[in-house]
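Colleague: One-letter residues, chain by chain:
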Amino acid sequence: MRATLIIAREVVRESIRRRVFAVVLVLTLLFLALFTVASAKAFAAPTPFGFGNGGPVTPGGIVSLSTVTLLGLGVFGSLFLATVLGVFLTLGAVRGDAERGLLQPLVVRPLGRRQFLLGRFAGAAGVCAAYVTVLYTAIVVIVHQAGGQWPGQVVGPGAALIAAVLILIALSLLGSVYLSTIANGIAMFMLYGAGLVSGLLASIGAALGAHTVQTIAHDIAIALPFEGLYEAALHALASNQAGLVRIVINLGPFGAPQAGSAGFYIWAAFYLGLAALAATVGFERRDL
Amino acid sequence: MTALIAQGLEKRYGSVIALAGVNLTVEAGELVGLIGANGAGKSTLMKIACGLVRPTAGTAAVCGAPAGSREARRSLGYLAELFRFPGWSTAAEVLALHQQLAGSSRGRPERDELLELVELADAADRRVEGMSKGMQQRLGIAQALIGEPKLLLLDEPTSALDPAGRHDVRTLLLRLRDQGVAVLLNSHLLGELELVCDRVVILAAGREVAAGRPEELTLTGGVEIETGTGIRRFPHATREEIPRLVSQLVSEGVDIYEVSVIRSTLEDVYLQALGRE
Numbered sequence: 043m044r045a046t047l048i049i050a051r052e053v054v055r056e057s058i059r060r061r062v063f064a065v066v067l068v069l070t071l072l073f074l075a076l077f078t079v080a081s082a083k084a085f086a087a088p089t090p091f092g093f094g095n096g097g098p099v100t101p102g103g104i105v106s107l108s109t110v111t112l113l114g115l116g117v118f119g120s121l122f123l124a125t126v127l128g129v130f131l132t133l134g135a136v137r138g139d140a141e142r143g144l145l146q147p148l149v150v151r152p153l154g155r156r157q158f159l160l161g162r163f164a165g166a167a168g169v170c171a172a173y174v175t176v177l178y179t180a181i182v183v184i185v186h187q188a189g190g191q192w193p194g195q196v197v198g199p200g201a202a203l204i205a206a207v208l209i210l211i212a213l214s215l216l217g218s219v220y221l222s223t224i225a226n227g228i229a230m231f232m233l234y235g236a237g238l239v240s241g242l243l244a245s246i247g248a249a250l251g252a253h254t255v256q257t258i259a260h261d262i263a264i265a266l267p268f269e270g271l272y273e274a275a276l277h278a279l280a281s282n283q284a285g286l287v288r289i290v291i292n293l294g295p296f297g298a299p300q301a302g303s304a305g306f307y308i309w310a311a312f313y314l315g316l317a318a319l320a321a322t323v324g325f326e327r328r329d330l
Numbered sequence: 091m092t093a094l095i096a097q098g099l100e101k102r103y104g105s106v107i108a109l110a111g112v113n114l115t116v117e118a119g120e121l122v123g124l125i126g127a128n129g130a131g132k133s134t135l136m137k138i139a140c141g142l143v144r145p146t147a148g149t150a151a152v153c154g155a156p157a158g159s160r161e162a163r164r165s166l167g168y169l170a171e172l173f174r175f176p177g178w179s180t181a182a183e184v185l186a187l188h189q190q191l192a193g194s195s196r197g198r199p200e201r202d203e204l205l206e207l208v209e210l211a212d213a214a215d216r217r218v219e220g221m222s223k224g225m226q227q228r229l230g231i232a233q234a235l236i237g238e239p240k241l242l243l244l245d246e247p248t249s250a251l252d253p254a255g256r257h258d259v260r261t262l263l264l265r266l267r268d269q270g271v272a273v274l275l276n277s278h279l280l281g282e283l284e285l286v287c288d289r290v291v292i293l294a295a296g297r298e299v300a301a302g303r304p305e306e307l308t309l310t311g312g313v314e315i316e317t318g319t320g321i322r323r324f325p326h327a328t329r330e331e332i333p334r335l336v337s338q339l340v341s342e343g344v345d346i347y348e349v350s351v352i353r354s355t356l357e358d359v360y361l362q363a364l365g366r367e
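Line order of the protein sequences matches chains U and C.
One point on numbering: in this note's numbering, the residue at position 182 of the first sequence is 224, and numbering is uninterrupted.
One point on numbering: in this note's numbering, the residue at position 61 of the second sequence is 151, and numbering is uninterrupted.
Chain U on its own, in the form it takes in the complex (with noise of 0.2 angstroms):
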């Protein structure tokens, strides 16, 4: 246990004093600063969406889609450069140390591969959960400073969102092990773009009331359960919404039409432990 606080305390270190922190900084600080202003011009808008005084959504359902709007696109742009950070810091834990000399003087001190691997863990989830936490955070006091309102559900889905990072981050350690660097960052991406369609699939089914497009979006999310908690977020952001507002949302981007259960979060805490299983198992395997 002390083994693997000392690696994660490292991986805090390195998340601080490398580039790709100061990167990631910069980044946020300019993703706040744009959603400050798109918040504050949204909420000034006199017809948001086309949906003007006297049409079929109310002026205070009007509000409330901006709202949910917003805070949806404030979760996404959270996933996603969350996400930036934890696969930066994990995606050549492994192999990609191992090929640059990095791995070999830490593993050979008596701490367990499997300890090592889990201080990593620790370490970018730590990291990448305070980062989720303020981040989520400030997006959720921006609205409401714009706005009035208040999502529907405040922890839950910034715990959802936390969950969605963590698996994100089991996965690149996961691919670390087989996959060279560059390999294992392509592969996220590619894992990362494939939830996000599979999100737009299930909304696009929704609407549309195609079953064989929602079993392809739901199937796709259990494989790859990060998908299903960002839309379980999506979904509980917009929890105090009902009638026409709840069906122009489920029809937009930022839509969920499914909650989250507790069978699948179950599932993802379950998938969580597979790949770290998986990958504890790799690393024993393999020669350095």
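It is worth saying that the hints were derived from the structure and are not from the lab.
Errors might be hidden in some of the hints.
Label-pair distances were calculated between CB atoms; the ranges are [to be verified]:
id : chain 1 : residue 1 : chain 2 : residue 2 : range
1  : U       : Leu69     : C       : Asn128    : 42 to 48 angstroms
2  : C       : Gly365    : U       : Arg44     : 39 to 45 angstroms
3  : U       : Arg328    : C       : Gly193    : 22 to 28 angstroms
4  : C       : Arg160    : U       : Leu76     : 29 to 35 angstroms
5  : U       : Leu72     : C       : Leu172    : 54 to 60 angstroms
6  : C       : Asp202    : U       : Arg61     : 29 to 35 angstroms
7  : U       : Leu69     : C       : Gly193    : 38 to 44 angstroms
8  : U       : Leu72     : C       : Arg160    : 42 to 48 angstroms
9  : C       : Gly98     : U       : Ala172    : 50 to 56 angstroms
Given the structure is predicted, the values throughout are model-derived calculations rather than measurements.
The C-beta atom is built at its ideal place from N, Cα and C for all residues, glycine as well.
Use these hints to put chain C onto chain U, whose structure you have.
Modeller: Chain C only, in chain U's frame:
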């Protein structure tokens, strides 16, 4: 206690045979050199000893514990041929991290002592990315010495060092040996091995092809005497015959300036063992 015992070590990477049944022992306070061409299996042997690579067959033990076990890794220090430390870390931070992982409780005095030993005392707070290759290699040696290891596995420890640095490392290795540390040294610098090793083992294609003390392996090739009229060679003479030869020449009125026993070098032995002249 025997620091390293390898018995019948074999390692295959697919169809490539890296080690084909190597037996090796390194006793406490013994400095053993490994010689061999690239791909002869030297680095693989070291990696098996420190648990980075699993043997296909055979066994290895470090200070009585199976190689790769935590007990074994507690007893050893390792410097890989290709290694790197995080560029964002300072020299002192690298050593502090390894102290923690090795379970060394000697703290700053140990770090200062090791940095002093490898002449990096002034660079303790310098980031690795700002160090020359030679400085990084010195830091690597300091890292390998953390926790007072009983067995030191050094894979090309002087490849990036200048002649003065190599001399310093040789002096350090001899000192460690005198302190009872077992050292397994892998180097292509045969002259260096000849100078410091108690024993050398020559590997070729994953097998041991020659082993022994450097002076046993390097055979005498006669005596050479520099006289006032030029160099006189006695190709079949031995060291024991030198007094007689000198007396004879002096009695003949020849001026003598230098006498030397001609030996084959370790390089000659190595090339011969590999079947090359």
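Colleague: Evaluate each hint against the coordinates.
Modeller: Cross-check of the supplied hints:
1. Leu69/U to Asn128/C: 42 to 48 angstroms: Distance hint for Leu69/U, Asn128/C holds at roughly 45 angstroms.
2. Gly365/C to Arg44/U: 39 to 45 angstroms: violated, 52 angstroms
3. Arg328/U to Gly193/C: 22 to 28 angstroms: For Gly193/C against Arg328/U, whose Cβ atoms are near 24 angstroms apart, the range 22 to 28 angstroms holds.
4. Arg160/C to Leu76/U: 29 to 35 angstroms: violated, 51 angstroms
5. Leu72/U to Leu172/C: 54 to 60 angstroms: violated, 39 angstroms
6. Asp202/C to Arg61/U: 29 to 35 angstroms: holds, 30 angstroms
7. Leu69/U to Gly193/C: 38 to 44 angstroms: Given a distance of about 40 angstroms, which is inside 38 to 44 angstroms, the answer is holds.
8. Leu72/U to Arg160/C: 42 to 48 angstroms: At roughly 47 angstroms between Cβ atoms, Arg160/C and Leu72/U fall inside 42 to 48 angstroms, so the hint holds.
9. Gly98/C to Ala172/U: 50 to 56 angstroms: holds, 52 angstroms
Of the hints listed earlier, those the structure fails to meet are numbers 2, 4, 5, in rising order.
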